[in-house]
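Novice: Quick note, the sequences are listed as chains U and H, same order. 1 is the number of the first residue of the first sequence in the UniProt record's numbering; add one for each residue after it. 1 is the number of the first residue of the second sequence in the UniProt record's numbering; add one for each residue after it.
Treat the hints as calculated values from the structure; they're not laboratory data. No experiment lies behind these values; they were computed from the predicted model shown. Where is the CB? At the ideal position from N, CA and C, for every residue including glycine. Just to be clear, a hint being listed does not mean it is correct.
To be verified - If you want a taste of the chain U side facing chain H, the calculated C-beta under 10 Å gives, among others:
#1 G56
#2 R81
#3 D85
#4 L95
#5 S97
#6 D104
#7 E108
#8 D122
#9 L124
#10 P131
#11 S182
#12 A184
#13 L194
#14 D197
#15 V204
#16 H205
There are 2 protein chains.
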Amino acid sequence: MVRVVYFEKEPIIDTRPLARKLGAFVTLSTAELDVLERLYKRKRTFLAGHDLVHQGQEDQACYILLSGWACSYKLLHDGQRQIVDFQIPGDFLGLRSVVLHVSDHSIEPVTDIEVTEVYAFDLLDVFAKTPRLATAVLWTASRDEAMVVEHLVGIGRRGAAERIAHFLLELCARLTLVGMGSKAGYACPLNQYLIADAIGLSAVHVNRVLRQLREHGMVTFRNGYVTFDNYDRTVAFADFEVSYLDQSMPLLK
Amino acid sequence: MVRVVYFEKEPIIDTRPLARKLGAFVTLSTAELDVLERLYKRKRTFLAGHDLVHQGQEDQACYILLSGWACSYKLLHDGQRQIVDFQIPGDFLGLRSVVLHVSDHSIEPVTDIEVTEVYAFDLLDVFAKTPRLATAVLWTASRDEAMVVEHLVGIGRRGAAERIAHFLLELCARLTLVGMGSKAGYACPLNQYLIADAIGLSAVHVNRVLRQLREHGMVTFRNGYVTFDNYDRTVAFADFEVSYLDQSMPLLK
DNA sequence: CCGTTTTGCTGATCTATATCAGTGGGATGC
DNA sequence: GCATCCCACTGATATAGATCAGCAAAACGG
Chain U
1 MVRVVYFEKE PIIDTRPLAR KLGAFVTLST AELDVLERLY KRKRTFLAGH DLVHQGQEDQ
61 ACYILLSGWA CSYKLLHDGQ RQIVDFQIPG DFLGLRSVVL HVSDHSIEPV TDIEVTEVYA
121 FDLLDVFAKT PRLATAVLWT ASRDEAMVVE HLVGIGRRGA AERIAHFLLE LCARLTLVGM
181 GSKAGYACPL NQYLIADAIG LSAVHVNRVL RQLREHGMVT FRNGYVTFDN YDRTVAFADF
241 EVSYLDQSMP LLK
Chain H
1 MVRVVYFEKE PIIDTRPLAR KLGAFVTLST AELDVLERLY KRKRTFLAGH DLVHQGQEDQ
61 ACYILLSGWA CSYKLLHDGQ RQIVDFQIPG DFLGLRSVVL HVSDHSIEPV TDIEVTEVYA
121 FDLLDVFAKT PRLATAVLWT ASRDEAMVVE HLVGIGRRGA AERIAHFLLE LCARLTLVGM
181 GSKAGYACPL NQYLIADAIG LSAVHVNRVL RQLREHGMVT FRNGYVTFDN YDRTVAFADF
241 EVSYLDQSMP LLK
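Could you put the whole structure together from the sequences, leaning on the hints where they help?
Specialist: In structure tokens form, the structure reads like this:
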């Protein structure tokens, strides 16, 4: 069997992924780029499975993910956990924690990750000096909220198979935006337990449903790779609408 | 049976609920209050059951709820709907729609409502002139997101009874913040179908669970009133943590 | 004022998903 | 080279909640 190559080009891990991300929203002046530049004070590395942020922690800093995958989750008193979202390169980690001053969730690297640390003070300074960037960050936060809302709808109203298909499609769309995937598929470091915790199912059931999706010729998730055997059929099956991930509609000139 | 009176004082329906809300977060200067004042251009009324905002609509304006209740929801292709959240006086309606330029959800008044219309342009103008207000609005959005996340956890991991109890407690906490409820209870215009759509259950099951909660002496929901027969026990049962609704931790001096 | 609609409520049955209890393979450590 | 652990995978059984079908009382519309 031929090993499919998923990256036509090298993954776009910009040295300043936030600039790239916000640049999709506002056209940044050199002054604004300058302000952003100063945010990149400290590069740090975290190991897979060791939390960066703990539920209840009072945060002074948030992070911008440079490489690797992370997840944000909440623990219940009975030990169950709900993964709220996965983060991929270019995403904020813990932005909400900084704004609300206390973290309502924990963040765990799924793989080893590299991040840039951004201090709360510097972020507020950016807002004060460059209101357009403040609006851009609000846009980022809104987009994240839109994703959480979509997850809510999935867990609340979609069946297990539709939910998993939708989940894999959303990851595909997000990874494609940063050059780490295509409609053919993508490399995915998640295991079935992580997926189960994210979509509110048991790992056993995730396994069964993944088999069904594979047998119905829609998606195959195996050996760390997600392959779409029939992308369009999967989209139709999952009732997947990309619009909530759209980055192509700048509000500011 | 004695009709319990729930309001020790008149509900605080500030004529400028946004100023009140944001004032809990930042101390507003008179200049900033002035800018806010200019947002209140147009007062409008919408009737119960007639959507203000439709999924897919490209929005030029959002609203601040002055009186009445509304809900934001998403429709699935098969006609099911998931209510994402309910809005009470002082809340933004459709802020995300304006920032993302297109609405990913619909908004329907649950009762007749009064709102102030805020144009996108004016909102952006506020951000540009008063960055502290931009930060404050980001804080508002983050708080909303924290609530959605909490709903996600509920639907994903909590049993039906815990979920409903949690839901009723969250509404209580939010209403108390605007003077429309207390630990004794509150007036609640929702019916069991709306609750079902919000927490991802069937209306039939909502009814059964409400009966259980009543019979176990925790909460009673009847005739448009929610009464906590034993508030502390309900909190313990639902594993309810108020912290994510906290307004008492200003980030800016 | 009476018919219609809405809402709360209930029993009976069905089904999606959880839970329990395992197997086997591949990596990792000693 | 063997023991250990993690992860994918499976069958059998249990259960939470959905669905179906219906009643009664309150609200509403003409």
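Novice: Look at each hint and say if it fits the structure.
Specialist: Hint check:
no. : hint : in the structure
1   : G56  : holds, 8 Å
2   : R81  : holds, 8 Å
3   : D85  : holds, 9 Å
4   : L95  : holds, 8 Å
5   : S97  : holds, 9 Å
6   : D104 : holds, 5 Å
7   : E108 : violated, 16 Å
8   : D122 : violated, 13 Å
9   : L124 : holds, 7 Å
10  : P131 : holds, 5 Å
11  : S182 : violated, 24 Å
12  : A184 : violated, 26 Å
13  : L194 : violated, 14 Å
14  : D197 : holds, 9 Å
15  : V204 : violated, 16 Å
16  : H205 : violated, 13 Å
In terms of the numbered hints stated before, the structure departs from hints 7, 8, 11, 12, 13, 15 and 16, listed from lowest to highest.
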